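Engineer: Here is what each chain is made of, one letter per residue.
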Amino acid sequence: MFILRSALRNLSRSKGRSLLIGILITVIAFSSCIGLAIRQAAKSSRAAALADMTVTAQITPDRTQAISSGQKPSAFKELSLSTLQKYAKAGAVKSFYYTATASLDGSGGLEAYSNTSSDSSSQSGSSSSSSSASGASASTGTSQTASLTTAASATEKGNDGKGFPEGKGMQMGDFTLVGASSDDALTDFTSGTSKIKSGAMFDTDTSDLVCVISQELASANSLKVGSTITLANPNSSKETYKLKVVGIYQNSQSAAQAMAGPQGMSDPANTIYTSYNALKKITDASSKAASSSSTAISSRLNATYVVGSVSGYNKFKSQVKELGLSSGYTVTSADLTSYERSAASLEQLAKLAGWFLVVILAIGAVILVIMSVFSTRERKYEIGVLTAIGMKKREVARLFVTELAALALCGAIIGGGIGAAVSKPVTNKLLSKVSASQVSAQMDRQEAFGRDSAPQGAPGQDSKSGTSKSSGNGSPASQITSITKNPVNGYVVLELLGACLLLTVCAGAVSAASILRYEPLDILSGRD
Amino acid sequence: MLKENVEKLMPETSADAVPAPSPRELVRLDRLCYSYGSHQVLKNISASFLAGKIYAIVGRSGAGKTTLLSVMSGLTDPTSGSLYVNGEDIRKEDKYIYRSHTVGVIFQSYNLLNKLTALENVVLSMEISLRNQGTHYDRAALQEEARRLLDRVGLTPDEMDRRVLKLSGGQQQRVAIARALACQPDILLADEPTGSLDQETQAEIMTLLKDLAREGKCVIIVTHSPEVAGMADEQITLTQAKKTA
Ligand SMILES: Nc1ncnc2c1ncn2[C@@H]1O[C@H](COP(=O)(O)OP(=O)(O)O)[C@@H](O)[C@H]1O
Ligand SMILES: [Mg+2]
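Chains as they are written, first to last, in this note's numbering: chain A, 1 to 528; chain B, 1 to 245.
If you're looking for bench data, these hints aren't it; they were derived computationally from the structure. All values derive from a computational prediction rather than experimental measurement. No residue lacks a Cβ here, since even glycine has one placed at the ideal position from N, Cα and C. Watch out, some of these pointers could steer you wrong.
Quick list of the computed label-pair ranges, beta carbon to beta carbon [claimed, not checked]:
{"no.": "1", "chain 1": "B", "residue 1": "D89", "chain 2": "A", "residue 2": "S12", "range": "42 to 48 Å"}
{"no.": "2", "chain 1": "B", "residue 1": "N86", "chain 2": "A", "residue 2": "R517", "range": "27 to 33 Å"}
{"no.": "3", "chain 1": "B", "residue 1": "S196", "chain 2": "A", "residue 2": "V359", "range": "51 to 57 Å"}
{"no.": "4", "chain 1": "B", "residue 1": "D151", "chain 2": "A", "residue 2": "I370", "range": "44 to 50 Å"}
{"no.": "5", "chain 1": "A", "residue 1": "A47", "chain 2": "B", "residue 2": "Q133", "range": "52 to 58 Å"}
Only pairs whose alpha carbons sit at most 25 Å apart, straight line, appear in this in silico SDA-like list of lysine to any residue [claimed, not checked]:
{"no.": "6", "chain 1": "B", "residue 1": "K115", "chain 2": "A", "residue 2": "L8"}
{"no.": "7", "chain 1": "A", "residue 1": "K380", "chain 2": "B", "residue 2": "S109"}
{"no.": "8", "chain 1": "B", "residue 1": "K95", "chain 2": "A", "residue 2": "R517"}
With these hints in hand, go ahead and build the complete structure from the sequences.
Structural biologist: Written out as structure tokens, the structure reads:
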């Protein structure tokens, strides 16, 4: 009490010195608060996003591993369903579903849908034609007149089935046939992107050749629920399969969103859904009918493990290792990857804030220590008098450190208060700068590639694979560009107080050390 | 407890002290030497100081008067020889208690805390003394006591609440004396207490110190004024690194 009272009295009697040190600490506290707040914003938004997210995982061949180990890419094949199912037994897996995707041509008058107004000569769903269309639709906002184009044979694509990384032994047809193992596997429907408009979704356990087609495809070919469509092996038009339409869906995702990418792909309206069993029936029949395995309809398997959370994901990663997953395969999560991309600018800002914090605290500590050294020297006489009239050096040191601590507390409260008040707008301002620079970098790139730089243009995402629930796929539009909550919480306050305490300890220790060294005799006789 | 201290500090009427007891030896120097490094300033000083008397330490500038006072005020230990206070070797004493309780020092340059008021300087000294002794105290009572002390050395209430820096040299000297008395010491050490004061103030200060001696304190004054030395009961002359009686 005596010490505190004396400290406060000394502070009030030496206003200039108090103000100088106080302002320094306030500035440090303010800057630290902003830095801490930005880091907290990144942390909170990550925690919130990940808490809301149902994390799913996939097992895929590790391409980088394959390349760096010098092995032939083909050495790592897609895993078979039975192997994938084995990993589904891992404890972390909440549920497991998969889709098989095959590419087929239309037959018996079934034409692929295309919304391109320009005549797409030989490239069906090619990047050039579809992206120009998307640019137009994005800029005008009016829907394009649907028109039918004759799809060229996908064999023109020259896919030899061995190419890497794209090569999956899949021939390119006009239609994408997706076979789902369960309702969960129909992610476009579970996410609400697609909705059944007439008829009903088939039972995913069925082995009947039934399917659900898009509204666009239905109207282009005058199909109704109950109609039958015929699909053919792109390599052999004589090999056909009939599927009964049981439902017609509407996809709310615009073609532009799904299509403007570096890779050409067919219009999502040409995606036909069926059950996994039905698709299996078709591929099995095809491999029997085809002359060689390379001309048979092959499907690409896409298995999804629902692991729920990030910790579940990490558990899953180690569990599959225990279950014997070879190092040639890797566990990935499309949801996490897409989140990471959307949080990139915030994370980048948080990283910068971290460095900023370190620099501020280091510079602050140095300046404060120097100021403290000078201030203690200047007060040598006072120290001499106090010890000469019997005050213990320890107590004098405590008095001086208390003065510093009181200033630090005031500085922390004022600086932290101002920091807390402006941290949200400052974070958002900085965030918009970071995002803007990212967007412009992306635009530059698009331009360099001669592509339309419509902001909607997302780099190609395998939207039909059914693995990615989130539409956030690295497009600048889905970047986190602002925070809505003030990031300063109790944790930040504690960190801030901790930082100020650290500074006080540094400067106080230096001050105390010199106080303990001083001898009153030397000071009072004016010699030192 | 405080009351008792106050009374002991200020026996306003010396009328009670009728039978003069044989004076008690408070301080004894026994072949005391002091050196700053290799520079010997004090050499074999032996002397005895009794309670109730006033002593003058005289000598040329640089003779080591201030140095002797520093040793006696517990700022530093003698290099060799001994200093006994109340029969105890100073080396064995807790220096902080000794400084804040046993001796009161009036430094050559007052050594007051300029940012504090006269009153605060005195109260601070009291608080330090009582804290060192582990005694609880009431600040209001201390302030009252400090005001009485300052009043006794001749400060007006207005001057008591003024920052020391805004007081004249004589007033500062009075505050320094009040502060030295604040811890109710048996021994009062004063380094040139009248050095920079005018004749009249000098006389007033000397009267005050004499009064304190009469109250039973042992007052030791360093001075180079023969006038002041003449008022002392005993004179000790220091010559450079030589002892004289
Ligand atoms: N702190 C010190 N360090 C070294 N020498 C000192 C110190 N203080 C005093 N001296 C020297 O000791 C001698 C006596 O000084 P001092 O006691 O101040 O003399 P006086 O008070 O009699 O004038 C002087 O020669 C002075 O230079
Ligand atoms: Mg001197």
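Engineer: A separate judgement is required for each hint: does it hold in the structure or not?
Structural biologist: Do the hints match the structure? See the list:
The supplied range of 42 to 48 Å is met by B:D89 and A:S12, whose beta-carbon atoms lie about 43 Å from each other. One distance hint, 27 to 33 Å for the beta-carbon pair B:N86 and A:R517, holds here, with the actual separation near 31 Å. Taking 51 to 57 Å as the suggested C-beta distance range, the pair B:S196 and A:V359 conforms, at roughly 53 Å. For the pair B:D151 and A:I370, the beta carbons lie near 45 Å from each other, so the given range of 44 to 50 Å is met.
Take A:A47 and B:Q133: their Cβ atoms lie about 57 Å apart, and the range 52 to 58 Å holds. Proximity of B:K115 to A:L8 is assessed by CA-CA distance (about 13 Å); at most 25 Å being required, the pair is judged to hold. Distance check on the hinted pair: A:K380 and B:S109 sit about 15 Å apart at the alpha-carbon level, within 25 Å; holds. With a C-alpha separation of about 16 Å, the suggested pair B:K95 and A:R517 falls inside the 25 Å cut-off, and the hint holds.
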